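J.: For reference, the chains in residue letters:
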Amino acid sequence: MKHKNILIGILLIALYLAVYAAIGTGLIAPYYQVNLYLMGINIIAAVSLNLIVGFTGQLALGHAGFMAVGAYVSAVLTLKLGQPFLPAILAGAVCAFVIGIIIGLPTLRLTGDYLAIATLGFGEIIRGLLVNIDYVGGAAGINGIPKLTNWTWLYLFTLLTVFSIKNFVNSTHGRACIAIRDNELAAETMGINTTYYKVLAFSIGAFFAGIAGALYAHYFFLIQPATFSFMKSFDALVMVVFGGLGSITGSIIAAMAVTFMNAALINFGSLRMIIYALLLVIIMVFRPQGLMGTKEFTLKHLFRVKEGGSS
Amino acid sequence: MKTYKWLVVSLIMMLAVSLAATGCGKKETSDTIKVGVNYELSGEVAAYGTTAKDAILLAFDEINAAGGVLGKKIEAVVLDNKSDAAEALNVATKLITQEKVVAHLGPATTGATLNVVPVCTEYKVPLITNSATNPDVTVDPQTKETREYVFRTCFIDPPQAVVAAEFAVNQLGKKKMAVYYDNTNDYSKGLYQVFKEQVIALGGEIVAEEGYVKEDQEFRPTLTKFKQSGAELIYIPGYYEKVAKIISQARELGIDVPFLGADGWDSPDLVEVAGPEALNNTFFTNHYSPQDPSEKVQNFVKAYKERYGSIPASFSATAYDAAYLLADAIKRAGSTDTVAITKALAETKDFDGITGKFSFDEQHNPVKEVSIIEMVNGEQTLKTKITPKQ
Amino acid sequence: MLATKRLTKTFGGLAAVSNLDLELQQGELVGLIGPNGAGKTTVFNLLTGVYTPTEGDIILEGKSVVGLKPYQITARGMARTFQNIRLFNSLSVIENVKVACHWHSRYSLAGALLRLKSCVNGERQMQENALELLEMFNLAEKKDEPANSLPYGEQRRLEIVRALAAKPKLLLLDEPAAGMNPLETKDLMELIKKIRRLFGLTILLIEHDMSLVMGICERIYVLDYGKVIAQGTPEEIKNNKRVIEAYLGEEA
Amino acid sequence: METFIAQLLNGLSLGSIYALIALGYTMVYGIIQLINFAHGEVLMIGAFAGFYAITKLKLNFFLALIFAMVVSALLGIIIELAAYRPLRNSPRLAALITAIGVSLFLQNGGLVVFGADYVSFPQAVNKVTYKLLGGSVTVTSHQILILIVTIVMMLVLQYIVLKTKTGKAMRAVSFDKDAALLMGINVDSVISITFAIGSALAAVAGVLLGMYYQTIYPLMGTMPGLKAFVAAVLGGIGIIPGAMAGGFLLGIIETFVSGYWSTTYRDVVVFGLLIVILIVKPAGLLGKDTREKV
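Taken in sequence, the protein lines are chains A, B, C and D. Numbering-wise (my numbering), the first sequence opens with residue 1 and increments by one. Numbering-wise (my numbering), the second sequence opens with residue 1 and increments by one. Numbering-wise (my numbering), the third sequence opens with residue 1 and increments by one. Numbering-wise (my numbering), the fourth sequence opens with residue 1 and increments by one.
Worth flagging that the hints you see were computed from the coordinates, not collected in a lab. The structure displayed is predicted, hence computed values, not measured ones. Note that CB positions come from ideal geometry on N, CA and C, so glycine has one too. Honestly, I wouldn't trust all of these hints.
[Unchecked claim] Some chain B residues near chain D, calculated using beta-carbon distances under 7 Å:
hint, residue
1, S42
2, A208
3, E215
4, E218
5, R220
6, K225
7, S229
8, E241
9, D269
10, S289
11, P293
12, A340
13, A344
14, F351
[Claimed, not checked] Subject to a maximum C-alpha distance of 30 Å in a straight line, what follows is the list of computed DSS-like cross-link-like pairs (lysine-lysine):
hint, chain 1, residue 1, chain 2, residue 2
15, B, K302, D, K58
16, A, K80, B, K124
17, B, K302, B, K72
18, B, K189, B, K72
19, B, K383, B, K357
20, C, K117, A, K2
21, A, K80, B, K144
22, A, K166, C, K227
23, B, K175, B, K383
24, C, K169, A, K295
25, D, K58, B, K305
26, B, K343, B, K72
27, B, K225, D, K127
28, B, K383, B, K73
29, B, K305, D, K288
30, B, K357, A, K147
31, D, K288, C, K227
32, A, K166, C, K143
33, C, K193, C, K169
34, C, K194, C, K143
35, C, K194, C, K142
36, B, K176, B, K144
37, A, K4, C, K227
38, A, K80, B, K189
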């Protein structure tokens with residue numbers, strides 16, 4: 001157990017240093033860097049949404065709304081109020097968390113598709129309000145945001161997200177969420193405050209979505225309400241379902257695969273989205289439970305594959 | 001076991017896709033000049049991106065057919081940015097760092113263009129947009145400095161709106177005006193602001209103002225409101241598709257005051273959708289008119305119509321001009337060095353384009369006359385030409 | 001221990017339970033029987049807070065629990081099993097049990113997110129508690145298997161273990177013998193006796209299997225059309241005319 | 001007062017289009033509990049089919065409408081067959097993602113095939129403007145036509161669902177697929193028929209949208225599709241009169257918010273109201289609260 005943790009720790013540090021060096025020496029071309037950042041942001045968005053949809057079983061379609069909150073709050077802090085990056089990110093995340101609670105309390109009483117449409121509605125309301133606030137540029141959005149997101153921040157926050165959510169789902173709190181997904185009534189009669197845990201999972205998911213939004217805003221210079229339309233929520237949902245509901249590693253792999261697919265299809269010009277859509281349908285038809293199902297990919301898998309290969 | 005089989009299949013699939021993808025991109029030969037074309041080919045504003053891309057490809061084919069530039073052919077690398085600002089940056093980075101283009105055309109919208117500007121600046125590659133009208137595109141709003149590598153072939157917002165206000169107050173003699181603008185579009189909002197200021201400065205009055213949003217089709221509720229306000233003229237700084245519907249619905253509601261608009265109106269669809277009758281007593285400011293008898297314009301309109309089956313809108317014209325302007329700058333620079341091309345672009349004098357003869361001012365905006373077009377029984381007629389005060 | 005006073009629940013004008021007065025003394029094992037549709041499960045749902053009563057009161061250890069949420073009632077010392085098994089299917093056997101430990105050995109959220117010592121200790125505690133219970137019921141060997149992979153009888157047993165993990169004083173069993181063969185039913189009887197003794201529980205059970213009810217219950221309430229039609233010792237109930245009518249009437 | 005009446009008429013026309021789309025949404029949802037995100041794109045294909053029928057095949061309006069309905073119905077059947085049927089026993093979210101995939105495919109396929117530009121829709125039915133209340137309120141023949149078509153469609157649909165054998169089979173399938181199968185109902189073909197009818201309704205909405213707003217384009221279905229989905233949920237998804245009520249309500253609310261306040265706050269108000277209604281009535285206006293059986 002201890003050895004495994006040390007091994008993982010060393011691997012993670014090695015990965016960080018390797019990529020850091022590769023960026024510094026230009027081994028990773030700028031174009032691949034853009035996609036590397038997209039990948040990190042997508043991982044955070046997908047893993048945090050998986051906590052809500054995959055682990056707690058609450059179909060939420062407003063994730064982009066929380067990203068918007070994180071992006072706008074952090075951008076206002078750094079650009080207009082001259083605050084440093086880290087407090088700005090955290091402030092964005094906390095605001096998303098609070099709004100998550102405000103939205104979650106009334107809507108999480110709803111179930112299934114009614115919840116889906118209500119959260120989608122909230123995402124659209126956040127967007128609609130941003131369009132009407134002149135302080136943040138209305139429809140034109142905020143432009144000229146300093147490019148503060150670098151590899152170190154990205155890596156740090158991606159790890160923070162993944163490990164916090166992993167710890168959460170492996171704790172009694174996370175188990176409570178999974179119990180709610182599996183059988184809400186039984187969970188409640190076993191002493192679980194279902195409303196509390198649904199709202200908790202929802203707002204923790206919102207918190208990390210806020211981080212994703214803040215990192216996004218400080219890499220892409222410009223944020224507009226249109227950036228955070230429901231299509232962005234769908235993108236995150238696609239990654240979650242593609243990776244497997246309730247599999248953190250699945251979400252990570254899927255976020256990487258979708259980013260990669262998007263980058264690979266760039267050369268197809270106007271056929272790009274058609275191919276993407278086709279792949280989406282084909283993947284779902286042949287693998288409806290997602291890449292990993294509810295299982296996690298662990299180091300054991302690697303060894304098992306090796307053993308299988310040698311025998 | 002099944003999982004791994006599937007994983008292998010999907011990996012092979014992805015590999016195939018990416019191989020095919022890289023296969024398309026790698027046609028590096030030294031006898032072509034690569035130009036990046038970064039436009040909205042899918043997503044919300046695909047219509048504008050596509051018309052611009054079509055016009056650019058037409059222009060390049062003509063240039064190549066006439067022998068190319070510096071003895072080389074121009075090769076357009078066309079990529080889609082999905083109408084997403086972050087994707088536009090992704091695409092621009094690919095074009096500049098992977099494809100090594102010498103210049104970057106597009107994107108169509110202000111937002112996406114602003115996102116691309118830092119990349120072009122960083123790698124010192126010139127960018128020409130044909131339709132991003134916001135002043136911030138070429139001038140940094142914080143430092144007030146001109147962005148060295150960014151140019152445009154369209155007007156910025158103010159001149160058109162200034163001319164429109166002057167025309168409305170002084171020539172049409174209207175005092176009470178209503179404005180109906182696209183609240184989700186900076187171009188439209190920019191025109192609205194300037195128009196409002198000018199009208200008030202000229203002694204007019206804005207009696208009603210309202211925004212619509214991109215997805216709107218139903219304008220009757222707001223128009224009904226305008227009708228009550230007693231407006232003598234309605235200014236709609238928007239795009240033809242909405243404008244046509246607004247005017248058509250307004251006439252249906254019995255609103256017979258004149259309408260006034262900007263270059264976004266220019267499209268044959270305006271007449272087709274609204275009908276010639278509804279459009280009588282409407283005016284708009286524009287770069288050019290497809291009815292312009294000059295040979296250059298007529299040749300362009302004919303070639304475009306032959307190839308794509310429709311009459312080019314003003315965005316096609318500005319995109320076409322952007323392509324020719326770039327070729328001209330490369331010729332004048334005498335090299336494909338990006339900095340030399342940028343320098344040549346900045347020195348552009350009296351470039352004779354479809355949208356008029358223009359030079360760049362110190363903010364990289366084209367200085368050209370504004371035409372005011374009146375719609376008469378479905379035909380565009382040139383009402384007057386006004387040179388905006390700079 | 002537990003008393004209901006004129007407990008009534010109506011669904012759209014139809015009374016599923018009306019004017020029900022139950023009383024359970026500390027340590028009693030009481031049966032609740034009645035023909036199908038008599039409102040037995042509705043009584044359970046009222047007691048555990050799944051439904052809110054239309055009228056009447058429920059007193060648990062001297063305090064009213066009406067209006068409390070199910071999880072709050074569980075914390076007051078009531079746990080239940082379900083007629084149709086409701087395990088957490090994607091969790092393992094031991095995790096199912098640990099979910100029920102949640103309300104009494106929870107640690108802080110911050111501890112969980114950052115995996116602090118409080119979390120590690122809390123988890124260890126839960127693991128030990130759960131394992132102890134599983135061992136007691138011969139399920140320890142299967143602790144890491146998914147709950148839904150167990151055979152039917154073991155799933156029923158796991159439900160009881162899970163309910164016990166919530167540390168109840170009063171245990172409600174909803175048809176624990178449903179779907180069991182006579183042999184399994186006999187084992188179950190022994191099991192119920194055992195847990196009652198070991199944990200000092202008060203038990204209320206719904207059951208159709210008369211051999212089980214008559215074999216272990218000390219007192220029985222008979223419900224028909226939402227009303228108590230008889231109550232008393234198994235002997236008294238066996239010979240009660242109205243009870244026989246109700247059951248025969250159902251069969252006819 | 002005149003303004004109020006004028007706005008109410010505007011709202012009714014808009015609402016009837018929403019209602020028409022919502023009807024199709026609700027039918028498909030009722031039978032397989034799938035949010036068919038591709039419904040708006042089926043509408044778009046229907047609108048283009050109608051367009052080509054009028055301009056290329058030179059059909060009159062009603063024949064073109066029928067042509068569009070047939071094309072969309074076939075498309076609906078194919079979508080169900082290729083993309084949804086393999087997923088019928090899979091997690092519902094997988095089907096939802098597939099629906100999004102189909103929607104993106106049709107949108108972007110439309111961009112390539114039909115071009116990205118707006119296409120102006122021929123005015124196959126003469127537009128006559130009637131002036132009421134001394135000219136301050138106007139109604140066009142198009143508005144009247146839309147209202148009539150919508151109401152007729154709803155009545156036909158109610159008749160099919162409540163009175164015909166197919167309708168009974170539909171209700172049986174939507175209630176319990178397995179039981180319906182045991183009763184000898186061909187579940188697959190019932191689902192296909194439902195998709196065909198729902199898609200044909202989308203085509204009607206598409207053609208009417210084209211005629212009413214005069215242009216069609218490949219992305220035309222997205223927003224009305226989303227709004228109609230909201231309308232269906234508002235009324236109680238899966239319930240035919242609910243879709244109708246939700247559609248009209250949504251249309252009228254949108255119109256009044258635009259007319260008396262501001263267009264830019266319209267969607268904020270609409271979605272805010274949706275959430276309030278759902279919180280008060282979690283199954284929509286006409287929906288029944290069903291409690292899980294314990």
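J.: Now tell me, hint by hint, if it's right for this structure.
T.: A quick look at each hint next to the structure:
1. For B:S42, the interface hint holds, since its Cβ comes within 7 Å of a Cβ in chain D; the closest pair sits about 5 Å apart.
2. Hint status for B:A208 relative to chain D: violated, with the closest Cβ pair at about 12 Å, above 7 Å.
3. Checking B:E215 against chain D by beta carbon gives a least distance of about 4 Å; that is within 7 Å, so the hint holds.
4. For B:E218, the suggested interface contact is upheld, since its CB lies about 5 Å from the closest CB of chain D, less than 7 Å.
5. Interface hint status for B:R220: upheld, as the beta-carbon distance to the closest one in chain D is roughly 4 Å, under 7 Å.
6. Restraint check, B:K225 versus chain D: the minimum CB separation of about 6 Å is within 7 Å; hint holds.
7. Violation of the interface hint for B:S229 is found here, the shortest Cβ-Cβ separation to chain D being roughly 11 Å, above the 7 Å cut-off.
8. With a cut of 7 Å, the hint placing B:E241 at the interface with chain D holds, because the nearest CB-to-CB distance is about 5 Å.
9. Given the 7 Å rule on beta carbons, the hint for B:D269 holds: about 5 Å separates it from the nearest Cβ of chain D.
10. With a least beta-carbon distance of about 20 Å to chain D, the hint placing B:S289 at the interface is violated under the 7 Å criterion.
11. Hint status for B:P293 relative to chain D: violated, with the closest Cβ pair at about 26 Å, above 7 Å.
12. The beta carbon of B:A340 is not positioned within 7 Å of any beta carbon in chain D (closest approach about 35 Å), and the interface hint is therefore violated.
13. For B:A344, the shortest C-beta to C-beta distance to chain D is roughly 32 Å, which exceeds 7 Å, and the interface hint is violated.
14. The closest approach between the C-beta of B:F351 and any C-beta of chain D is roughly 28 Å, which is over the 7 Å cut-off, so the hint fails.
15. For a cut-off of 30 Å, the pair hint linking B:K302 to D:K58 stands: about 28 Å separates their Cα positions.
16. The hinted pair formed by A:K80 and B:K124 meets the criterion: a straight-line CA distance of about 28 Å does not exceed 30 Å.
17. The suggested pairing of B:K302 with B:K72 holds, with an alpha-carbon distance near 26 Å, which does not exceed 30 Å.
18. The hinted pair formed by B:K189 and B:K72 fails the criterion: a straight-line CA distance of about 42 Å is larger than 30 Å.
19. Taking the CA atoms of B:K383 and B:K357, the gap is about 19 Å. The hint holds against a cut of 30 Å.
20. For the hint pairing C:K117 with A:K2, the CA-to-CA distance comes to about 15 Å; that is within 30 Å, so the pair holds.
21. Distance restraint check for A:K80 and B:K144: the Cα-Cα separation of roughly 17 Å lies within the 30 Å cut-off, and the hinted pair is therefore satisfied.
22. In summary, the hint linking A:K166 to C:K227 is not supported, as the alpha carbons are separated by about 51 Å, beyond the 30 Å threshold.
23. At most 30 Å may separate the alpha-carbon atoms for a hinted pair to count; B:K175 and B:K383 meet this at roughly 20 Å.
24. Distance check on the hinted pair: C:K169 and A:K295 sit about 37 Å apart at the alpha-carbon level, beyond 30 Å; violated.
25. At most 30 Å may separate the alpha-carbon atoms for a hinted pair to count; D:K58 and B:K305 meet this at roughly 24 Å.
26. Annotation: proposed proximity of B:K343 to B:K72 holds, straight-line Cα distance about 20 Å (limit 30 Å).
27. With a CA separation close to 23 Å, the supplied pair B:K225 and D:K127 stays within the 30 Å bound.
28. A C-alpha spacing of about 41 Å is found between B:K383 and B:K73, which places the hinted pair above 30 Å, so the restraint is violated.
29. Taking the CA atoms of B:K305 and D:K288, the gap is about 58 Å. The hint is violated against a cut of 30 Å.
30. The straight-line distance between the Cα atoms of B:K357 and A:K147 is roughly 39 Å, outside the 30 Å bound, and the hint therefore fails.
31. With a C-alpha separation of about 28 Å, the suggested pair D:K288 and C:K227 falls inside the 30 Å cut-off, and the hint holds.
32. With a C-alpha separation of about 22 Å, the suggested pairing of A:K166 with C:K143 holds against the 30 Å cut-off.
33. Between C:K193 and C:K169 the alpha-carbon distance is near 15 Å, which keeps this suggested pair within the 30 Å criterion.
34. With a CA separation close to 21 Å, the supplied pair C:K194 and C:K143 stays within the 30 Å bound.
35. A C-alpha spacing of about 21 Å is found between C:K194 and C:K142, which places the hinted pair at or below 30 Å, so the restraint holds.
36. At roughly 35 Å between alpha-carbon atoms, B:K176 and B:K144 are farther apart than 30 Å, so this suggested pair is violated.
37. Between the alpha carbons of A:K4 and C:K227 the distance comes to roughly 62 Å, so the proposed pair goes past 30 Å and is violated.
38. As the CA atoms of A:K80 and B:K189 are separated by approximately 22 Å, the hinted pair is consistent with the 30 Å bound.
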